[in-house]
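Given chain A, work out where chain B should sit, using these hints.
One line per chain: the protein sequences are A and B, in this order.
Here the first sequence stands for residues 1 to 87, where the numbers follow the working numbering.
Here the second sequence stands for residues 1 to 501, where the numbers follow the working numbering.
Calculated from the structure, these hints are not laboratory results.
One or more of the hints may lead you astray.
Unchecked claim - Derived DSSO-like pairs: lysine-lysine, alpha-carbon spacing no greater than 30 Å straight-line:
1) B/Lys265 / A/Lys57
2) B/Lys213 / B/Lys229
3) A/Lys57 / B/Lys122
Unchecked claim - Quick list of the computed label-pair ranges, beta carbon to beta carbon:
4) A/Arg55 / B/Gly86: 47 to 53 Å
5) A/Phe61 / B/Arg65: 55 to 61 Å
6) A/Phe62 / B/Ala53: 26 to 32 Å
7) A/Arg55 / B/Pro58: 27 to 33 Å
8) A/Phe61 / B/Glu73: 50 to 56 Å
9) A/Phe61 / B/Gln233: 38 to 44 Å
Given the structure is predicted, the values throughout are model-derived calculations rather than measurements.
Note that CB positions come from ideal geometry on N, CA and C, so glycine has one too.
Spelled out from the first residue to the last, the chains are:
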Amino acid sequence: MIMKKLLQIIPILLVVVGAMMLFEQPAYAYADPGTGLLAIQAVGSAFVATGWYLRRKILAFFRKESTAPRQLNDYTPREESESSTLS
Amino acid sequence: MSSQVDTPQRRSQEIIKTDPLKFTFRDPSGQLLLTESHALRRIAPVAIEETQAFLSSPLRESLERSGDLIPTEIAKSRGFGAMNPGELWLQHPRIDPISYPWEWTTGQWQAAAELTLRLADKAIDAGWTLKDATPLNIVFAGPRPALVDVLSFERRDPNSSVWLAYGQFVRTFLLPLIAESFLRWPLWATLNSRDGYEPADLYKALRPWQRLKPSLLDVVTLATLFERKNAQQQKATPANQPGASRTDPDLAAHILHRRIARLGKQVRSAARTQSRSAWSEYTQSASHYSALDRDGKRQFMRSVMDRCRPERVLDIGANTGTFSLLAAECGADVVALDSDTAAIEALWRNAAHQGHPITALVANIARPTPAVGWRNREQLSLLDRLTGKFDLVLMLAVIHHLILREQLPLGHIGDLCASLTSRWLVVEWVPPSDPMYQEWLRGRDDLYGKLSENDLRQSFAAHFHVEDRMVLGNNRVLLLLERNLQGGRDQGRCNPETEPE
Chain A
1 MIMKKLLQII
11 PILLVVVGAM
21 MLFEQPAYAY
31 ADPGTGLLAI
41 QAVGSAFVAT
51 GWYLRRKILA
61 FFRKESTAPR
71 QLNDYTPREE
81 SESSTLS
Chain B
1 MSSQVDTPQR
11 RSQEIIKTDP
21 LKFTFRDPSG
31 QLLLTESHAL
41 RRIAPVAIEE
51 TQAFLSSPLR
61 ESLERSGDLI
71 PTEIAKSRGF
81 GAMNPGELWL
91 QHPRIDPISY
101 PWEWTTGQWQ
111 AAAELTLRLA
121 DKAIDAGWTL
131 KDATPLNIVF
141 AGPRPALVDV
151 LSFERRDPNS
161 SVWLAYGQFV
171 RTFLLPLIAE
181 SFLRWPLWAT
191 LNSRDGYEPA
201 DLYKALRPWQ
211 RLKPSLLDVV
221 TLATLFERKN
231 AQQQKATPAN
241 QPGASRTDPD
251 LAAHILHRRI
261 ARLGKQVRSA
271 ARTQSRSAWS
281 EYTQSASHYS
291 ALDRDGKRQF
301 MRSVMDRCRP
311 ERVLDIGANT
321 GTFSLLAAEC
331 GADVVALDSD
341 TAAIEALWRN
351 AAHQGHPITA
361 LVANIARPTP
371 AVGWRNREQL
381 SLLDRLTGKF
391 DLVLMLAVIH
401 HLILREQLPL
411 GHIGDLCASL
421 TSRWLVVEWV
431 PPSDPMYQEW
441 LRGRDDLYGK
451 LSENDLRQSF
461 AAHFHVEDRM
471 VLGNNRVLLL
481 LERNLQGGRD
491 QGRCNPETEP
501 E
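Isolated chain A (complex conformation):
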């Protein structure tokens, strides 16, 4: 289960990191942004973004796990009420 989740996350991360490396190039600046220091921002952004997405996915994963039984309980009466309405 966890492996499956991780396999889902990895492509997202690769896209995020790749996108940041490729596209974080500002067109207009007043102060000289510097080439090396601009690249450092892209790399730093990629690292922070990776952590950000990972944290969100992990939190979402555990939330799902912990809320799963409640959702199951909630589901039945709603289903019943909807079906009763429809009927």
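Relative to chain A, chain B alone:
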């Protein structure tokens, strides 16, 4: 005779017409002009809408209230003879005299850097960003730094995680601190580099193992390597096409906050405590001062403050600021300068801690900070900033340094003092018999070994007469001098009761 009212604004217009270099000229968004009482800022038409939006924002209000941003008012059109319709002019209170970054201590540098980061961080959530981040936009009002450039703020693209001023912050704030900490490059050397240091400058000078330190790895080593790679790529291919940056707004803000937090850590890590210097412990360890003499000197200075009630005091050779603090406690605005960085660091920290209006700067009155910048007109020399601004100047135990170490004639020292003070001067005369005098005499007895208090008084007589005098137990002499009335001289005006024996 002109019937127009003579206002600072009108005078500024006359200046602008005759001398365009009085205006700043680098920022396309606006230009700044210093008058005697205000800093006036003309906003370029292209930046008017953005500036007005910032001025009416809660962010500006909160920053002004906290004292982190200089107060701004819309300048009234009345009095602006040459003001064109539709122009926006702002006015700020004048902070005078200002100190430049190359006259700051490590602690002041750190405080200015942390202020800039704090402003950048607060701006993120308010939808703004700092478009530039340089120490030249920070001014110390007393011991406290404040941002003086309201045009530094611009609206932030919520989908961008790039801080455009990051590179400038690193070059102008962080790398000088790192260079001082790891390479012993003094902060005053930044006088020669308007845009700070490039990562490659430090990379070349650092030892290989230093380049791998975690706090230096990104801003020095990786930045240099990326620059090299970029330079090679640009040789082979045309310039990179700028692309659009589309990051989730929450993620973009998160990245920016994290980036600023990391810079803060790097600044604190680099701003290591300066090593103790001989002079910074001078007031505590001075063996040529007994407790009695120290009390006597303090008592004399207290009586001077009571009598002169100065509003603006210049303390030359202030050391750790014992008498700067005394003057500030008596209600004066004080400018304290000393060539010893550690002493000024201690003075500044004391003033900041106690909330006294003391502007502390590292400077040598015998080799004053020169005017720098384009055509030597962008930053004023030290003497241009100090001349005629004070009603009391203190030169306590400084003159023997100027004589023995700088080989300056007494008459020239008197001329300088007269240019600095509009009325009062306190001088501590250190006689040739004093151990400190002997230490610097170094076999030049014929030249300097016979100088006396009378030589000092005669040399200063063209400008000053003696109003009070005290001889301490260690034979040092404290003199309160007053400027002569125009055209007068002090001979015969000295108080007979205070004549030297």
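Evaluated hints:
About 28 Å separates the Cα atoms of B/Lys265 and A/Lys57, which keeps this hinted pair within 30 Å; it holds. As the CA atoms of B/Lys213 and B/Lys229 are separated by approximately 21 Å, the hinted pair is consistent with the 30 Å bound. This hinted pair checks out: A/Lys57 and B/Lys122 have alpha carbons roughly 28 Å apart, not beyond 30 Å. The beta-carbon spacing between A/Arg55 and B/Gly86, approximately 50 Å, falls within the hinted interval of 47 to 53 Å.
For the pair A/Phe61 and B/Arg65, the supplied restraint of 55 to 61 Å is violated, since their beta-carbon distance comes to about 44 Å. Our hint of 26 to 32 Å for A/Phe62 and B/Ala53 is violated, since their Cβ atoms are close to 42 Å apart. Between A/Arg55 and B/Pro58 the beta carbon distance is about 30 Å. The supplied range of 27 to 33 Å therefore holds. Take A/Phe61 and B/Glu73: their Cβ atoms lie about 55 Å apart, and the range 50 to 56 Å holds.
For the pair A/Phe61 and B/Gln233, the supplied restraint of 38 to 44 Å holds, since their beta-carbon distance comes to about 40 Å.
In summary, the numbered hints that this structure violates are 5 and 6.
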